[in-house]
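J.: Listed here are the chains, written in short residue letters.
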Amino acid sequence: MSAQQIKDIFDAAVSYVAPDRLDVDAMVVDGRRRRRIRTSSTLAVAAAVIALVAGVLVASRPHSGTVAPVGPAPSVGVAVAIPTSTWKSGDAGMAALLEATLTLRADGCLVAAGTDGAAIVWPAGYTAERFGPSFVVVRDPGGTVVAQTGVPLRLGGGEGSPATGPCLAPDSTHWNVNQDPPFVTDPTVHLGQVVVPTLVGLSRADAGSALIAAGLTTGQVSSLTPPTVKVTAQSPAGGAEVAPGTDVRLSFEGVPELVTTGLRGLFLPEETCGVQIAANAQLTAITGPVERYVICPPITGSTARPTASPTELKPASGTAFDRLDAALRLPDQVRAPGSVCTAVGQLRIVVVAITVTGAWTIHLPDNGCGLRRAEVTTALQSG
Amino acid sequence: MRHEAEADFRGWVSEQRPRLRRTAFLLCGDWWLADDLVQDACTRMFSVWDRVRSSGSPDAYARRVLVNLYLDHRRRPSRREHPVDAVPDAPTPGSSPESYDAVVAALRDLAPGQRAVLVLRFWDDLTLEETAAALGASLGTVKSQSSRGIAALRAALEARGLHDLADIVKEPS
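Chains A and B supply the protein sequences, listed in that same order.
Numbered by this note's numbering, the letters in the first sequence go through residues 321 to 703 in order.
Numbered by this note's numbering, the letters in the second sequence go through residues 807 to 979 in order.
Source of the hints: derived by calculation from the structure; they are not laboratory data.
Every value quoted in this text rests on a predicted model; they were computed, and no experiment measured them.
Watch out, some of these pointers could steer you wrong.
DSSO-like mimics (lysine-lysine), calculated; alpha carbons at most 27 Å apart, straight line [to be verified]:
#1 B:LYS949 x A:LYS550
#2 B:LYS949 x A:LYS327
#3 B:LYS949 x B:LYS976
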């Protein structure tokens, strides 16, 4: 026997390749963030050692300076388009001052709250990232968070003339930032960190709302438990400061350990497709201690998986997990070439969660494939 | 310089992502989790890219990070898969014995360490010594894991009636 023959078996196992959903931009952004945390943590340790050697008692506030990552890695935020100018550090600029707090308007524009809701034109190279429905951080070209929503800012610069760009109305003025950071003067504010709310005792629905409002996300597991169930434990604890987008894991009263929480691809065609009835029938027939989110993969492209008629996909005998797995197979396999269900316009994303208490099927908007977990969670909360 | 490193990293990801995704899938048996693992592994790679690039062996480093992430994931109490009494993926009657489902299901029966050894040895074409280095384990441990993994995979294939495939899965002579 040769190793090549065994390799051939493994080749067979990967003969079908699911659509690639890797995000290289996110790798770069998150990789830089990890590097910064590691570097600053090293510096913090070095500083502590120096202080000890010198016999100096260093009284430091919690989380002042650097913050070790708490809990799982934060989710990646969603880019927010912000207007930028050509102004950069060292250039001459205007010297007026705008004191403002940023807010994310309903149209997705990041503006100064109150008064006239002026759009802010940031220096060259600045970017913004949204976590949850309304928490936004602004980064300088080096990736450092220099501003965020809800925090009072002092932005040196001046009003500009009408211009075009994201969120700039052609007939209004806007505020050009002609100043290097810091824009925040309150020493108690830790930019790039959010405070985890205390959630124990709240209902799932209230806890989820509080987390999302804070720019955090629920862990994959917890957001689909019945909305009235009370939170019994959380991690990280309330009061901790964490990076926006961090998952906060919640435990609920009476909800057992979960079997699986993996995100799996699932296609269910729209109601007009007869096969969906079969799929729904299988899904709703499933009971047992299983909770699972199911989100469709990108809906373009084809699959090399063998086609099969719904009758071949009847769940085999076995545990509830068997039947669930069989049900999850169905949508991939109904994507046969020529099927009436393959047209993009006829598909909806369906997220299915199955728990001890039943099954929920939530329809997300069309063309929403590729949503990140946080966005799906948001949709589930509102659904 | 920074842009050059980033461009270099992006080029490396573009080149390696198909193989890394397949390796991750063989380890975990779930394309969505596989992409999560590769995404995380590549993120970690970029955070130390300058050092990894200068070492001259980013592929080996990536493999090691990927396998460690997978094993860490399996160790977590909240891991996504729990063992079940019945095998979740029985082959569909009439389907090809070499089918994707059957082999992946058989791999799922293996202990995580055994699966990692077999995937690295036979899919990634590593020697026993290289596999040991990738896993940070001793050569003896890898040899025993490999031997047990082959036996377990053979048994898993037999249990699914895939006798032809089971006959192939033996320690290479």
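J.: Against each hint, give a clear statement of whether it holds in the structure.
T.: Structure-based check of each hint:
The straight-line distance between the Cα atoms of LYS949 of chain B and LYS550 of chain A is roughly 49 Å, outside the 27 Å bound, and the hint therefore fails. Distance restraint check for LYS949 of chain B and LYS327 of chain A: the Cα-Cα separation of roughly 18 Å lies within the 27 Å cut-off, and the hinted pair is therefore satisfied. Taking the CA atoms of LYS949 of chain B and LYS976 of chain B, the gap is about 13 Å. The hint holds against a cut of 27 Å.
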